[in-house]
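S.K.: Chain by chain, the residues run as shown.
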Amino acid sequence: MKIPRFSRKTLCIPYAVFLVFFVIIPMLVILFYAFTDKEMHLSFHNFIRFFSDPTKLSTIVYSLVIALITTVVCLLIAYPVAYILARSTLKRKFVILMLFVMPMWINFVLRVNALREIFNSLASAPGMEWLGSANYFKTVFGMVYDFLPFMILPLYTTMQKIDPSLYEASADLGGSGATSFFRVTLPLSMPGIMSGVTMVFLPSMTNYVVSDMLGNAKVTIIGKFIYEYFGSDWHMGSMVALILLIVVFLSTWFSGGFKSEENVRGANL
Amino acid sequence: MNKRALLKKCLAAAFVGLVLLLLYAPILLLAVYSFNSVDLIGTWGDFSFRHYAKLFGDPVILEMIGNTLLLAVIAASLSTLLGTTGALGMYYCRRRTKALVHGASQIPIINAEIVTALALAVTFVAVGVSKSYFTLLIGHMVICTPFVVLSVMPKLKQMDNSLYEAALDLGASPAKALFRIVLPQIIPGVISGFMLAITLSLDDYIVTVYTRPAGFETISTYVYNATTKGNAHTAEVLSSFWALTTIIFLVIVLFVVVSNLSGLRRKKEAK
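Read top to bottom, the protein sequences are chains B and F.
This note's numbering puts the first sequence at residues 1 to 269.
This note's numbering puts the second sequence at residues 1 to 271.
Simulated from the structure, these hints should not be mistaken for lab results.
No experiment lies behind these values; they were computed from the predicted model shown.
Heads up, the beta-carbon is just placed ideally off N, CA and C, and yes, glycines get one too.
There's no promise every hint is true.
To be verified - Chain B is faced by these chain F residues, among others (derived, beta-carbon under 7 Å): (1) 17; (2) 18; (3) 26; (4) 27; (5) 28; (6) 42; (7) 110; (8) 114; (9) 123; (10) 126; (11) 128; (12) 158; (13) 161; (14) 223; (15) 254; (16) 257.
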């Protein structure tokens, strides 16, 4: 019997097979279901139905607006934090960064539940009754609370790579603080902004756990559609998933995300 | 230092402090009230371990905690094995093959979790595989393994290739050289990949919901159901989650402190 010679390349085979079966094929299955009807005939019905239902469209608009506000608020909070930390001369700034990452290690459902409990008790306080029915406010707050570390980490990583001598050069050449910021910091931190924005925008469009737990089931986001269709109509569910898939790939492609190998979820800590 | 710079520094510190405070306030408040004898946040009854007793006295909750931990350990171990061998293989493959596998490996990372979950679930049903622990495990491996690959890859790139060649020249078999020479060099990446896989699996809600067998509950699914659907003993269960959150938080704090301290000690010894 001939034993095949051990080669380092063969180590790749199990993973490649795994990817084909559980990543590539499922994507093709989604594509197939999206463009077929219940009798498995080719059909564009799902596509047309998705874009012609006014209630669906308004929910999508709401969902996009929620995601947009969440992303902008996250960016407005995370950018100064990352900037301050990256330029800080503190010896132990690693510890502070760690403090921002640590909440991510608590189960996110428990974390959102903590926020829900606090909102509930606040809403029973005098003068705070408005909070009880402020479903959209609570949803956005919860998403910012939940996804903020995803924005801080990539921003911090890119800002830390900026050579400090660039700031000095800018100051020496007569640039004011604002000029230095807009001409040096901002352009050089663009990759971080891009990856942070995708890391926050996508889950705030699809992670319906936050909107369900904080929005009193009054806030529907795109992710919830897929969940609702999953029980009743796979074809429509697949269509929504496919549309999301296309949006994700286009946005990643435009932001050049396919090239980056930066691990934004804190693996490099 | 002039006054303006000092003011700037104070403002910066205050801003960072405020954001941290907001980030931790809900968890810390919950932690405080987990020692409350009353089921209400904002009303302090007495100091008591009642919620903790409830948590450890409820077999359903204990089972779901066990489920979550066991699933995370199994999924992370398998993902680490698959991801490490995958990364090694990819590293030695031809450029084209490498790019192809790497591209496919990126899909679950950039994709919305719900799309990954739905695609898997629909595929399982389409080929007639009923949902079981196996499908759940596959689901968790799909979201964990690419991150293991991502954390092992940089270590492979930093590796000194000539050491492997030297081992072969000195008569080691390729397998032995791989285990004795290559593996020790990439082990930090493997460990951080494993840790990342554990966190991702522990944290997961969406993929779990779409791939789990009927009746299987993890912390995420259980807490979500208890808060959104609600049933007869909801209030009772909810307050035991305060205790659970506090315990998890304390474990994390302990872990971070211990790993930082041991890291500091190692650095000192190295000096």
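S.K.: Using 7 Å as the Cβ threshold, decide whether residue 28(F) counts as touching chain B.
M.R.: violated, 9 Å
S.K.: Answer holds if the nearest beta-carbon of chain B is closer than 7 Å to that of residue 257(F); otherwise answer violated.
M.R.: violated, 10 Å
S.K.: Report holds or violated for the interface hint on residue 158(F), using the least CB-CB distance to chain B and a cut-off of 7 Å.
M.R.: violated, 13 Å
S.K.: Go through the hint on residue 42(F) and say holds or violated, using the shortest Cβ distance to chain B against 7 Å.
M.R.: Holds. Min distance 4 Å.
S.K.: Taking the closest Cβ pair, is residue 26(F) under 7 Å from chain B?
M.R.: Interface hint status for residue 26(F): holds (4 Å vs cutoff 7 Å).
S.K.: Tell me if the interface restraint on residue 18(F) is satisfied: Cβ within less than 7 Å of some Cβ in chain B.
M.R.: Constraint on residue 18(F) not satisfied, violated at 10 Å.
S.K.: Have a go at the residue 161(F) hint: is there a Cβ in chain B nearer than 7 Å to its own Cβ?
M.R.: violated, 11 Å
S.K.: Given a cut of 7 Å on the nearest C-beta pair, is the interface hint for residue 110(F) held or broken against chain B?
M.R.: holds, 5 Å
S.K.: The hint names residue 17(F) as touching chain B; please verify it with the least Cβ-Cβ distance against 7 Å.
M.R.: Residue 17(F) check fails; min Cβ-Cβ to chain B is 10 Å, beyond 7 Å.
S.K.: Can the hint on residue 123(F) be confirmed by a CB-to-CB distance to chain B that is less than 7 Å?
M.R.: Check passed: Cβ of residue 123(F) comes within 4 Å of chain B, closer than 7 Å.
S.K.: Given residue 126(F) as an interface hint, is its Cβ closer than 7 Å to any Cβ of chain B?
M.R.: At about 6 Å, which falls below the 7 Å cut-off, the nearest Cβ of chain B leaves the hint on residue 126(F) intact, so it holds.
S.K.: Go through the hint on residue 128(F) and say holds or violated, using the shortest Cβ distance to chain B against 7 Å.
M.R.: Violated, because the Cβ-Cβ distance from residue 128(F) to chain B comes to roughly 13 Å (cut-off 7 Å).
In summary, the structure is inconsistent with hints 1, 2, 5, 11, 12, 13, 15, 16 from the numbered list given earlier, while agreeing with the others.
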